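Protein sequence lines, in the order shown, are assigned to chains G and L.
Counting from 2, one number per residue, gives the positions in the first sequence under our numbering.
Counting from 316, one number per residue, gives the positions in the second sequence under our numbering.
What the hints contain is simulated information worked out from the structure, not anything from laboratory work.
Values in this document were obtained by computation on a predicted structure and should not be read as measured data.
A few of these clues could be false.
Claimed, not checked - Residues of chain G placed beyond 12 Å of chain L at every Cβ, according to the derived structure: (1) 119; (2) 136; (3) 182.
What the hints assert, rightly or not - No more than 30 Å apart at the CA atoms, straight line, and that leaves these computed lysine-lysine pairs for DSSO-like: (4) L:413 / G:297; (5) G:195 / L:459; (6) G:195 / G:184; (7) L:413 / G:67; (8) G:184 / L:440; (9) L:389 / L:415; (10) L:389 / L:413.
Note that CB positions come from ideal geometry on N, CA and C, so glycine has one too.
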Amino acid sequence: MRLNGAQMVCESLVREGTDIMFGLPGGAILPLYQTLPEYPQLRHILVRHEQNAGHAADGYARASGKVGVAVATSGPGATNLVTPLATAMMDSVPMVAITGQVPRAAIGRDAFQETDTTGITLPITKHNYLVMDTADIPRIMSEAFHIARTGRPGPVLIDLPRDVLTESADFDYPDHVDLPSYKPTMEGHGQMIKRAAQLIAESQRPLLMVGHGAIISGAFAEVREMAEKAQIPVITTLLGIGSFSGEHILSMGMPGMHGQAYNNWAIDRADLIIGVGMRFDDRVTGRLSAFAPQAKVIHIDIDPAEVGKNVRVTVPIVGDAKRVLHALAKQVEQVSRPEWIAELDALRAEHPLSSGQGNGLRPQHVVRELSSVTDGRAIVVTGVGQHQMWAAQHYVFKEPGSWITSGGLGTMGFEVPAAMGAAFAQPNRQVWSIAGDGGFQMTMSELATIVEHNVPVKFAILNNNNLGLVRQLQDLFYGGSRVASGYTGNPDFVKIAEAYGIWATHVTDEPQVRAAIEEAAAVDGPAIIDFHVEPEENVYPHVPAGESVFEMIESPAGREALSWLT
Amino acid sequence: MADVSLNGRVHTITALVHDRPGVLARVAGLFSRRGFNISSLAVGHSETAGLSRMTFVVEGGDWVVEQVTKQLYKLIDVVRVTNISSESSVVREMALLKVKSNKDNRAEIMQIVDIFRAGIVDVGKDTVIVEVTGDEGKIDALIKLLQPFGVRETMRTGRIAMTRGGVATGTKQAAAAAAQSAPDTEVVP
């Protein structure tokens, strides 16, 4: 079959199962756009900013488990994809980004809208390609999707010079990908699994720490089987939330900087940590030398480079979380651990999660009501900051893989476009974007796209007229010097919504919260609730960056004890 | 739980890579992005068409070497990575040295060059070019002896290395330990 480059890209997308892509055209990528009418099965969502195309593809990928596709033109179009690519790279999200490039002869001559896209995106993609021959497109497209979705997933970028898109060549799509230098390890090593089972049998105070890898591999049943059979309480990392039902008696919640305080004390006492598809990030461990001082570590991850990167590992197991846990659970003895469970219950009682100070509208209360009204079954998308931590702490997730947040990179503004992408992926599920007023204003231009397609995303803006977590850091560690963290010129978000024709309401008092959420949920289409939350509310606990659990601030009173830090 | 160690010694690592545009940038970028200290890098074709072999000299402890190896493996273009520091291997570097010289001291320079089994590959009116092969220590020593005459230019290739015996450097057999068992051994010092 003889096709031009643009047709080849579309044919390849169809063969890879792509049904939707998010993008914004420009000169260099235009040959691809002008070909789209020939491929009605490829739905294109025109966004208002390329960054949002990237985050929408990310949200779509996380909500569907499929590869998200983003399209942009050369130069500024491609550079606007940098933040979403870095976001997807840090959080292991399968994405393919397709960018236009100036014609081959113009490359290197600083042509209009030329930029070294593969050079710029080299450290923030799993792999990238500059296509210099039209005939290479089928191979490169199939490799890109294969690399993006297998092993530890990640974003792959394909840069296409305009004349590569217009030239013609024979199209012959490879039926399988053969990359001799890329063979992810799926099965865990038998000997290591045996040693891990031994350690679990010997352990008195084990903890499972489950991360994003468990969700990516779909290891929900396996995590549960492992936890129940060996009676191991489950801590879920920020990105691991949803891998284990929050209702389960063995569910502990989140560890680390803003995790439930009792989890950090539990880790301190544990004699065995079983890390599953997580990477012992600094937000989880705090000061490494003081992390889990009594514990041996079993680390299960598909990426060998994560094993031993941050903490000393007793039993490393490289492989797919689902397969490894399945094999491990078979070898684990059924036991009960009443003493350890009782000890953890006591810790829980001693270090309860703060539900707010009670002045004004508490953001924690908003999240709890949202959790209750949606029965813990909505897809929840957040940005980054206080609202994200409150959502992670107080929403009780009952469905697997329902939590979408920018964990590694910490990208503010993620909450708007990613929620839109998630809603396209799961049209039959309720999608709630819990947003901050800071992040919302970074990407609210996408409301136009949401209106165009009547995407039923519901926004709960926890509006404190502040970059709240920055303000909190300044109050706790910079003597209350609030530099550049207050937003005094915030718009009226209800009027913004009206301008777009979106249903919206203000909420200022706690008794109004539930009714407003119910009303928004019933709207056929998007809705925005502007929650005027108490601006002085802080996220607790707070482990100071680089410190240990012993420096954890659990409440406003805990601040005094830490006066030496400021 | 102890922190992972960063300090240590010098390691020689070879990587067999696909000879594709940008592969050098990917490898070099990885080193700078992860803060690895690379003191020498040499690249050239391998015995297989389409594959190049790179030799790096990396400073750091076992943790650094392990991370370098694993991170290199994550690059799609990297086929095989081998740490050959601990194996019996031949290590060489080549240098070209332009030395100030006149008819009065040329014989003296030639004598030094002979002792080092180096050669003079160009003779000009005021300079000679010396070609020398050996490990870094030998080349450093020769440069030091030639310094009094005036070394106007030095050009060094960086270290290349090859394991002794029948097994080819960076092959499956040679890399078996690194590639296959690495994830399954106790990995951190």
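Comparing the hints with the structure gives:
Against chain L, the non-interface label of residue 119 of chain G is violated: not every CB pair exceeds 12 Å, the least being about 6 Å. Distance to chain L confirms residue 136 of chain G as a non-interface residue, since its nearest Cβ pair spans about 16 Å, more than 12 Å. The beta carbon of residue 182 of chain G is not kept farther than 12 Å from every beta carbon of chain L, the shortest such distance being approximately 4 Å. Taking the CA atoms of residue 413 of chain L and residue 297 of chain G, the gap is near 58 Å; set against the 30 Å cutoff, the hint is violated.
For the hint pairing residue 195 of chain G with residue 459 of chain L, the CA-to-CA distance comes to about 58 Å; that exceeds 30 Å, so the pair is violated. Taking the CA atoms of residue 195 of chain G and residue 184 of chain G, the gap is about 24 Å. The hint holds against a cut of 30 Å. Restraint check for residue 413 of chain L and residue 67 of chain G: the C-alpha separation of about 60 Å exceeds 30 Å, so the hint is violated. Distance hint between residue 184 of chain G and residue 440 of chain L is unfulfilled; the C-alpha atoms sit about 58 Å from each other, more than 30 Å.
For the suggested pair residue 389 of chain L and residue 415 of chain L, the alpha carbons sit about 47 Å apart, so the restraint of at most 30 Å is broken. Distance restraint check for residue 389 of chain L and residue 413 of chain L: the Cα-Cα separation of roughly 41 Å exceeds the 30 Å cut-off, and the hinted pair is therefore not satisfied.
Hints 1, 3, 4, 5, 7, 8, 9, 10 from the list above are not met by this structure, while the remaining hints are.
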